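Using the sequences and the hints given, assemble the complete structure.
Those protein sequences? They're chains P and V, same order as listed. Every letter in the first sequence is one number past the one before it in the working numbering, and letter 253, counting from 1, is 253. Every letter in the second sequence is one number past the one before it in the working numbering, and letter 81, counting from 1, is 81.
If you're looking for bench data, these hints aren't it; they were derived computationally from the structure. Some clues are possibly wrong.
[What the hints assert, rightly or not] Only part of the chain V face toward chain P is listed, based on derived beta-carbon distances under 7 Å:
(1) M1
(2) R26
(3) G30
(4) M31
(5) L36
(6) T43
(7) Y58
(8) G62
(9) H76
(10) A88
(11) S94
(12) K95
Please read all numbers here as calculations on a predicted model, not as lab measurements. Each residue gets a CB set at the ideal place from its N, CA and C atoms; glycine is no exception.
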Amino acid sequence: MSRITGGQIDRSKTLRFSFDGVAYAGHPGDTLASALLANGVRLMGRSFKYHRPRGVISAGSEEPNAIVELRSGARQEPNTRATVIELFDGLQAQSQNRWPSLKFDALAINDRLSPFFAAGFYYKTFMWPAAFWEKLYEPIIRRAAGLGSLSKQDDPDDYDKGFLHCDLLIIGAGPAGLSAALTAGRAGARVILADEDFRMGGRLNAETLEVGGGSGADWAAKAVLELAAMPNVRLMTRTTVIGAFDHGIYGAVERVSDHLAQPLPGKPRQILWRIYAARSILAAGAIERPIAFENNDRPGIMLAGALRAYANRWGVAVGDRVAVFTNNDDGLRTVADLKAKGLDVTLIDARQGDEVIDSAGRLGLKSITVRRGNGRTETLAVSALGVSGGWNPNLNIASNHRGRPVWSESLAAFLPPEGAIAGLSCAGAAAGAMSTHGALTTGADQAVQALASLGLTASTDLPQAEDAPVNLKAHWYVHSGKGRAWIDQQNDVTVKDVKLAKQENFVSVEHLKRYTTLGMATDQGKTGNILGLAVMAELTGKTIPETGTTIYRPPYTPVAMGVLGGRARGEDFKPTRHTPSHKWATEQGAVFVEVGYWLRTQWLPRAGETTWRQSVDREVLQTRKSVGICDVTTLGKIDIQGTDAGAFLDKVYANTFSTLGIGKTRYGLMLREDGMVMDDGTTARMGQNEYVMTTTTANAVPVFRHLEYCRQVLWPDMDVQLISTTEAWAQYSVAGPNARKLLEKLVDQDISDAAFPYMACGNITVKGTRARLFRISFSGELAYEIAVPTRYGDAMIRALVEAGRDFDAVVYGTEALGVMRVEKGHVAGNELNGQSSALNMGLGKMVSKKKDAIGMVLSQREGMVQPNGYRLVGVKPVDPAKALTAGAHFLAKGAEAVAVNDGGWLTSVVYSPHLGHSIGLGYLKGGDTRKGERLRVVNLLANTDVEVEIVSPHFFDPEGERLRG
Amino acid sequence: MIINHPLLGPRDSQEFVYLGDAALIRRPDGMADGALDKFIDYTYLRDNPAGQHRELWYHEQGDRSWLVVTRNTVSHEITAVELARDVARTEGRSK
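Here's what the structure looks like:
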């Protein structure tokens with residue numbers, strides 16, 4: 001348990017780090033796992049369910065056991081794998097899922113109680129009483145079966161997203177990937193070579209094998225140097241390709257700064273790359289699998305290839321007395337390499353009938369029990385055991401599109417399905433070519449073929465390398481002992497659990513997985529899945545391919561949420577749109593409200609006002625008394641031009657627009673094809689072939705999309721052009737008895753009632769600047785909307801306020817706007833809910849049946865025209881002191897508050913300062929014939945029950961005399 | 001996914017908005033006899049094939065073209081991309 005000679009670590013430099021508060025030292029080139037092992041630390045965590053002491057079993061991202069919390073404070077990150085954490089000076093790591101300490105864990109009692117925690121214990125144990133689940137069972141289980149904990153602080157780091165394009169993406173920089181990259185790079189193709197490791201070379205760094213007459217690691221380093229000098233090749237270390245998406249798009253996470261204590265100034269912590277690859281090669285190597293035997297999960301027991309990697313790459317002997325349990329020739333390499341390092345190594349070769357049947361050592365391996373082929377049993381005192389059950393081609397990404405892996409009898413493993421992902425081929429061990437020669441050859445060949453399909457020519461130039469056969473005899477688990485033999489160490493799934501699943505008839509792979517949780521941990525069962533399959537196959541008397549396989553979903557390894565979000569967090573989570581009056585309103589201390597992406601003025605408090613109602617009531621009363629100004633820029637504006645513009649509007653609006661006079665404006669109702677109201681707004685005819693449509697703020701984008709659809713898809717020969725001008729014009733409503741007087745101070749033209757009557761529109765000038773004026777009213781007052789080019793928007797609000805001083809004009813926000821529209825009975829978002837028809841809104845007569853407009857036919861369906869359907873009504877409380885609540889339902893007096901008695905609901909409620917009480921709009925069954933009725937509005941959530949009278953929705957100036965003034 | 005726009009070349013599908021079955025092009029005549037039944041079929045009854053599907057996509061973050069994309073709903077393979085206006089004209093739609 002110490003450093004030995006060799007390895008790719010820089011012994012001239014020392015890095016200090018701590019694990020569970022104890023200080024240790026390591027070297028550049030170490031991972032946290034190699035550095036801990038070098039310091040004699042084998043115990044690194046506790047298992048998920050049984051809290052069994054666990055150590056590292058692999059040397060890569062497949063690690064199921066050595067899961068730790070990294071860093072502290074806001075940068076604390078749970079569930080990181082010690083095997084892939086690059087050591088840096090000052091690194092702090094803590095073990096997880098133990099209390100009070102890793103060596104003494106009180107919840108290790110679960111291990112003694114294991115008969116109660118077998119597969120399915122959740123479903124069987126926590127059945128009743130139901131109320132106990134949330135309050136008792138779940139908190140206990142969460143505490144007991146936890147992974148790491150979150151800091152619950154904001155992540156202080158930045159994350160970026162980036163886009164890359166290439167001819168050939170190569171996933172994995174082992175011998176196959178390097179060979180492919182050299183072949184394609186030398187041919188001039190645009191190549192991206194990505195590897196999750198911080199050092200390229202893959203297994204060549206972990207082996208003593210020769211390539212081209214020198215060490216494999218040296219050959220890899222030279223290949224990387226040659227590739228780095230090619231301008232057409234991009235080398236991406238610390239970059240995990242997380243999945244294959246459609247049409248040659250791959251996701252990759254680059255860990256830019258995770259090997260540092262914190263990111264350098266201006267650098268992101270990680271980058272999520274979207275890589276567009278014309279062709280790709282999966283050269284992700286292979287992952288070794290264990291052989292299950294009793295108590296095979298003690299710290300010190302690991303994969304044979306990992307044991308060898310720690311010795312060769314990191315110069316670490318996990319134990320001085322070592323045993324290797326293998327069923328294939330690769331295990332013999334571990335024996336040879338460790339012997340060459342001077343260690344005492346015993347071989348247990350399953351092919352000779354020898355087996356490890358048990359182990360001992362509470363917090364770390366002390367001995368193993370071996371049963372030899374002749375039946376003799378012996379106990380060996382060892383502190384490290386390497387286990388090899390063979391290697392599984394790492395086909396993970398090749399199955400992302402649901403292609404089924406193909407069984408190989410000679411490897412006793414699944415191979416990637418061919419052609420399952422368009423443009424992707426596999427090379428090297430990932431394709432089942434297990435020798436170094438096989439990796440180099442298939443890598444180069446796949447690169448030649450990929451380039452040929454792109455019309456590029458490449459040739460191969462391969463170095464000499466070993467081409468040893470695999471020589472494997474399938475051996476999945478040891479049939480001995482009554483104890484537990486682990487298959488999936490991360491989720492604590494044992495051979496017994498698979499047997500129990502079989503006994504309870506969960507024999508389908510998908511059921512096995514969900515019943516036992518096999519392969520459902522963060523490692524996706526990279527080491528354990530196939531063992532579980534093999535055990536089930538044996539139990540059911542089927543072959544492994546008959547039993548099935550599991551396929552993998554992205555991501556390949558766990559991905560931090562932060563990098564998926566990128567920069568889209570906090571105020572950058574979405575765009576924010578400011579209105580032209582935003583700067584002025586900010587200066588005035590306006591309160592803003594989010595309306596889609598827009599920030600609109602909600603109300604403008606004045607000195608001495610302490611509640612929002614005081615501000616809103618004042619804005620409403622002053623507008624109705626004199627004049628008010630409101631920014632209405634957010635409403636969608638669409639310029640519609642062409643000789644068929646009028647005919648086009650007749651198609652998209654339920655009412656008619658082709659007959660509208662030039663210089664006139666009309667309210668329009670737009671239906672969906674199913675007859676429901678889609679949107680409403682005014683449309684003005686500015687010229688013979690020129691209209692300006694307005695939409696609601698919320699529907700500006702959907703309506704424009706719909707109009708393009710109508711224009712291109714439904715009536716492709718209409719001469720009509722559209723352009724969105726929402727952001728081109730700053731538009732203000734000026735409303736109230738003094739609206740005209742105010743505007744006359746700014747507008748250069750005659751806007752008297754005779755020259756510019758109700759619903760007129762026209763191009764005007766404001767002190768010489770071109771503008772548009774519409775005499776339309778949402779508030780029910782004499783009102784105009786005046787539009788100037790957006791760059792004059794700030795000047796315009798200031799000019800309006802200045803001109804309004806003589807009239808004590810107010811600027812009002814969306815709340816006052818809402819109060820005035822409810823007082824007038826105009827529908828808005830709450831009534832335009834996508835489930836309401838024109839008839840529901842009291843606008844049924846607007847739907848012309850003389851023309852084929854969208855939605856006309858289906859608006860006349862039987863179900864849409866029932867006499868007792870919902871109709872818009874006004875509502876006021878019988879006792880004016882009572883407040884209404886929106887969402888309350890209509891009930892007859894004395895009726896029980898149950899759905900069968902439901903008569904409709906209140907859609908909008910405001911306090912009317914003009915009337916001095918609460919008023920509302922609502923949809924009431926048969927409401928058009930029920931004026932004067934007294935009902936109740938009941939809101940069971942707010943616990944309110946108010947007697948109301950049904951009235952006309954037009955509370956204010958029902959004859960419309962004011963707006964025509 | 002990547003959609004090979006007939007005017008702009010290959011574009012990421014994130015730039016597009018999906019609508020649905022391109023059968024929506026064949027809107028019935030609302031003034032004809034029996035229009036109600038035809039509109040009920042048109043609006044509510046769609047094929048939902050596992051395989052080749054002609055569907056409408058809108059290049060909202062681009063040139064505002066409506067496209068007819070022929071896509072395999074199982075493999076996501078796209079075999080044809082046409083301007084919806086051209087398709088509509090070949091299907092006899094005009095004004």
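Checked hints:
| no. | hint | in the structure |
| --- | --- | --- |
| 1 | M1 | 4 Å, holds |
| 2 | R26 | 10 Å, violated |
| 3 | G30 | 3 Å, holds |
| 4 | M31 | 5 Å, holds |
| 5 | L36 | 6 Å, holds |
| 6 | T43 | 5 Å, holds |
| 7 | Y58 | 6 Å, holds |
| 8 | G62 | 12 Å, violated |
| 9 | H76 | 5 Å, holds |
| 10 | A88 | 4 Å, holds |
| 11 | S94 | 4 Å, holds |
| 12 | K95 | 5 Å, holds |
Violated hints, listed in ascending order, are 2, 8; each of the other numbered hints is respected by the structure.
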